[in-house]
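**Student:** What follows is the residue order along each chain.
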Amino acid sequence: MIELITGVLATALLAGGVLVLGALGEVLSQRVGVFNLGLEGLMALGGVSAIITVAHVPNAPLGMLAAIIVGLFAGAIFSGAVVLARANQTLCGLALTIAGSGLASSIGQSYSGQPAKAIFNTVSVPYLSDLPIVGRAIFSQSPLIYVIWIALPVALHWLLFKTRHGINLRAVGENPAAADAAGVPVTLIRFCYVTIGAGFAGAAGGYLTLAFVPSWSDGITGGRGWIAVALVIFAGYRPYSATLGAFLFGLITALGFVGQARNWIIPPAFLSMLPYVVTIACMIIPVIISRRLQRRLAAPAALGVPYFRDQR
Amino acid sequence: MFRFHRVESIKPWTIIATRVISVVAALALGALLFAAAGYDVPRLAGDVMRGSFDNMFALEDLGLLVSPLILTGLAAAVTLRIGLWNIGGEGQFYAGAIAATVIGLEIHADPALMLVVLGAGGFLGGALWILIPALARAYLAVDEIITTLLLNFVAILFVNYLSTGPLRDPGQAVTSATARIPYDIPTLVGDLHWGLGVAVALAIVIALILAYSRWGYEVRLAGANRFAAHYAGIPVPRRLLQTMLLSGGIAGLAGMLEVTGTVHRLQGGISNNFGYLGVMVAVLAGGQPIGVLPAAVLMGIILNGGIVLQSYGVSIYQVLALTGLILLFIAVGEQLAYYRIPHMAQRPTR
Chain A
433 MIELITGVLA
443 TALLAGGVLV
453 LGALGEVLSQ
463 RVGVFNLGLE
473 GLMALGGVSA
483 IITVAHVPNA
493 PLGMLAAIIV
503 GLFAGAIFSG
513 AVVLARANQT
523 LCGLALTIAG
533 SGLASSIGQS
543 YSGQPAKAIF
553 NTVSVPYLSD
563 LPIVGRAIFS
573 QSPLIYVIWI
583 ALPVALHWLL
593 FKTRHGINLR
603 AVGENPAAAD
613 AAGVPVTLIR
623 FCYVTIGAGF
633 AGAAGGYLTL
643 AFVPSWSDGI
653 TGGRGWIAVA
663 LVIFAGYRPY
673 SATLGAFLFG
683 LITALGFVGQ
693 ARNWIIPPAF
703 LSMLPYVVTI
713 ACMIIPVIIS
723 RRLQRRLAAP
733 AALGVPYFRD
743 QR
Chain Y
594 MFRFHRVESI
604 KPWTIIATRV
614 ISVVAALALG
624 ALLFAAAGYD
634 VPRLAGDVMR
644 GSFDNMFALE
654 DLGLLVSPLI
664 LTGLAAAVTL
674 RIGLWNIGGE
684 GQFYAGAIAA
694 TVIGLEIHAD
704 PALMLVVLGA
714 GGFLGGALWI
724 LIPALARAYL
734 AVDEIITTLL
744 LNFVAILFVN
754 YLSTGPLRDP
764 GQAVTSATAR
774 IPYDIPTLVG
784 DLHWGLGVAV
794 ALAIVIALIL
804 AYSRWGYEVR
814 LAGANRFAAH
824 YAGIPVPRRL
834 LQTMLLSGGI
844 AGLAGMLEVT
854 GTVHRLQGGI
864 SNNFGYLGVM
874 VAVLAGGQPI
884 GVLPAAVLMG
894 IILNGGIVLQ
904 SYGVSIYQVL
914 ALTGLILLFI
924 AVGEQLAYYR
934 IPHMAQRPTR
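Those protein sequence lines, which keep their order, are chains A and Y. Residue numbering for the first sequence follows the working numbering, starting at 433 and increasing by one per position. Residue numbering for the second sequence follows the working numbering, starting at 594 and increasing by one per position.
Honestly, the hints are just simulated from the structure, not real lab data. Treat the hints loosely; a few may be bogus.
Said to hold, decoys possible - Some residues of chain A that are not near chain Y, with every Cβ distance over 10 Å (derived): (1) T438; (2) G439; (3) A487; (4) A508; (5) A536; (6) F571; (7) L592; (8) V661; (9) L687; (10) L725; (11) P732.
As the list claims (entries may be wrong) - Short derived list, chain Y residues pointing at chain A, Cβ under 10 Å: (12) L728; (13) V735; (14) I739; (15) L742; (16) N745; (17) N753; (18) G758; (19) L760; (20) Y869; (21) V907; (22) S908; (23) I909; (24) A914; (25) I923.
Said to hold, decoys possible - Stretch by stretch, here's where chain Y covers chain A in the computed footprint (C-beta under 8 Å, at least three residues): (26) 521 to 535; (27) 596 to 609; (28) 652 to 658; (29) 708 to 722.
Every value quoted in this text rests on a predicted model; they were computed, and no experiment measured them. Even glycine gets a Cβ: it sits at the ideal position worked out from N, Cα and C.
Pulled out of the complex, with its shape left as it was, chain Y reads as follows:
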């Protein structure tokens, strides 16, 4: 008999390989479960891939899902860099959407200028939504996971209240939604708007800031070892606060882009769980802003799969269950990567 042997550190490529293996294993288990439930898995998989890549329309749809996922993923990733969890992306997304809707419906000005104003409003809305959890975390050490998450429920209730009450468009008989926001984000190709470009650019900018600026260095140091950062003279609480506000703002921007570019009206359920899936994206990406890009594409395909497969009776819930499974496999795989079978890992050198 041998005992597994835990090694102190592993190489970066081992981490990436483990992550890929975890995702593949979770998808394989998911496929097995779907097969056990009586689905024709190869055909479903083919349909999902066709639904995402087959033609330009499919790619546009995928792009429309990937853009908010990049931003909500980025939002969760920046807090991971400083060792915090922002699970409230869903709420900040809605807060950004609310801010953009209210500004867009109330203020009439030059469209190009207004897009900038709407973007700023969305960012501020998201940042405002995370302000109290961020202050409590930075200065009072109150656990941020629960406070950020609970505000999601508040935001969803608030959106439902606004879209069925004060902001409801009386012209809409069937659905409860606000009037159409009179500003549009220019399109890139077909239905796909420039939100995707903004998202990708922001991911690159944030990656550069974190990697090369003094601020980014301080954030990363505070994330690696908060006490060491404190002794090095870094104002840790201020960095915690700034990182969380930035995170909320990015998620709010995602909400603004979604409501202005894709949905055009504020209504309940405009977020396809983008906030929650953003946490998944960030974890898949290992908290790296550039890693968010491929992770968001993968999550976009999975989410799109749920939409494409609705005709087979597959619902968004099965997709969510599958993403939960992937998350669990990543978490476990991350630890298992540290274990070696001693006989194989190292030969006695004496």
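Excised from the complex, chain A in its bound form:
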């Protein structure tokens, strides 16, 4: 039993990491008022870039760097379209998902199915990793885990809610006209944070192919980009809540693995459906329970609305 709990916990942290990275990137993007529906495509691009990089230079951090750079680059194109040209965010997000997934699959064809040439190895923390249950689950993982689950959420929370820059950043998402009048560079902030958010999504892809799976195949992202977007919505656009939500989804994924490994009577296909079904339930049920909760978790007021200075 203890073995089982340890395994589930360890897998949950490993699997949820993809969602933490994706969701945190989306928090940044949505807090400045841009709906980035291209996460799925960005993850695929990041994942394939990481795999191709380590195939040539077997160094996992370098592969991760490649994933981030590709995410930033694709994100800059997306930002250029939605922030500078003010194109429809839904359309551009879908375009990014379709183009990104298609491009990733076509350049990744010859790498499909092979294990990654370099992965993020696990490191056992002395003494702590000997603790019962949590020892092996938390302290015998890749060091990347601590960055993803602790450092990044704390840093983002601090940036958004404890700094002056964070106030400006949120103002851009709530009321860009007022922010503009107060001298905040709306377009610049939107462009930068949407691009950085895309970099996070690229990193999520790199993490997927270098730490979690670790290999590349078509459709490996499997809707995780969309789940990350949904996570941000029902986490009320908050880094900590999004991280917690990612952990819950990690648990669900882990439960699916355990079920398949232990030959539960539920067919594996239904276990694989769980994350998607639970995501939908999480988007709907809180709204049914309480409208007040919905208001508390409301989206940034200017989310999805392009800003035209001459029309304020």
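Here the structure of chain A is known, so what remains is to put chain Y in place on it, guided by the hints.
**Tutor:** Relative to the frame of chain A, chain Y by itself:
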């Protein structure tokens, strides 16, 4: 130096021209990328056109791709009219195919009657698949983009489960598929079945309903301005729900026609991304049901191109990447059309 000047409104023909320019520009960029990757682009383009138009067989193949694209495009277009996105066409397509397969395998009756029953079953299957996202959208304002999309994954898993598990035809050793559905859609010419006729007719009917009926007017008004529609006494949530159910049903009908008319067995991957490409078709068509027809033909040629060019090492993924590029160009072009260079656009009249 001049600054670009944004105009408030543009003429309809400017919108159409922009759309054509966007598509051409995206295809040109795609061609450049293919050329950079070492492909002989003029020869590929020639092969694609020959593969779609050269002879009757090619035209039949194109028609078989265009029919589902018209329907999934129509499905996405009707929700666009009321300002919603149905990205779940892929899932509803599969749901319709599942419903048609189960009914077709279990019930034995007069073939002509059964085709009607199968069609109704496919429509209901698709509508049922979108029911929860539609209710959540209409009455709880839950974002429909993500809920409809996530159900695609569920549907694909469900089809794989059915075709490899309970509905698997034990006679099929190699592929996992259900038994052959014992009903066929009458053919129009060669392999091309009447699904194309149904699709075109439905596009025309829906265009007429949206343009001339009271219901269509209310849907369009709710799409143009939801608050104004509410104050005008239109039951907006009910129209949102009805539009989404209609959309899901049309996509389900596409799945029914595909599984009964073209593939004949339910198996994984029977949709050539028709659901996703349907969204593209609807956007290309600007959400207009009649515009869906030419847009579906264009998308059919592109999709067919991916199939024709497989011998050159071009895969469906490159085709998808190209369609994504087209979508991006349309989205950006749509906005750029509002900008003018002031010196050229208007002379001072004083």
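**Student:** Report holds if the minimum CB distance from L725 (chain A) to chain Y is greater than 10 Å, and violated otherwise.
**Tutor:** 12 Å, holds
**Student:** Classify the hint on I739 (chain Y) as holds or violated, based on whether any CB of chain A lies nearer than 10 Å to its CB.
**Tutor:** 5 Å, holds
**Student:** Would the least Cβ to Cβ distance between V661 (chain A) and chain Y come out above 10 Å?
**Tutor:** The claim breaks: V661 (chain A) does not keep its Cβ more than 10 Å from every Cβ of chain Y (closest is about 6 Å).
**Student:** Tell me if chain Y covers the segment 596 to 609 of chain A under the three-residue, 8 Å CB rule, please?
**Tutor:** The restraint on the segment 596 to 609 of chain A is violated, since only 0 of its residues have a Cβ under 8 Å from chain Y and three are required.
**Student:** Against chain A, is N753 (chain Y) within 10 Å by beta-carbon distance?
**Tutor:** Holds, about 6 Å.
**Student:** Just want to verify: A536 (chain A) was marked as not at the interface with chain Y; is every Cβ pair farther apart than 10 Å?
**Tutor:** 8 Å, violated
**Student:** Per the CB criterion, is V735 (chain Y) less than 10 Å away from chain A?
**Tutor:** Holds - the Cβ of V735 (chain Y) comes within 10 Å of chain A, reaching about 5 Å at its closest.
**Student:** Quick check: the segment 708 to 722 of chain A, covered by chain Y? Criterion 3+ residues, Cβ under 8 Å.
**Tutor:** With 8 residues close enough to chain Y, the hint holds.
**Student:** Is the shortest C-beta separation between L728 (chain Y) and chain A less than 10 Å?
**Tutor:** Hint on L728 (chain Y): holds, closest Cβ of chain A at ~9 Å, below 10 Å.
**Student:** Would the hint on G758 (chain Y) be counted as holding, given a Cβ-Cβ threshold of 10 Å to chain A?
**Tutor:** Result: holds, 7 Å to nearest chain A Cβ.
**Student:** Verify this for me: three or more residues of the segment 652 to 658 of chain A with a beta carbon less than 8 Å from a beta carbon of chain Y.
**Tutor:** holds (count 3)
**Student:** Less than 10 Å between beta-carbons is the criterion; does L742 (chain Y) satisfy it with respect to chain A?
**Tutor:** Where the cut-off is 10 Å and the nearest Cβ of chain A is about 6 Å from L742 (chain Y), the hint holds.
When each numbered hint is compared with the structure, violations occur for hints 5, 8, 19 and 27.
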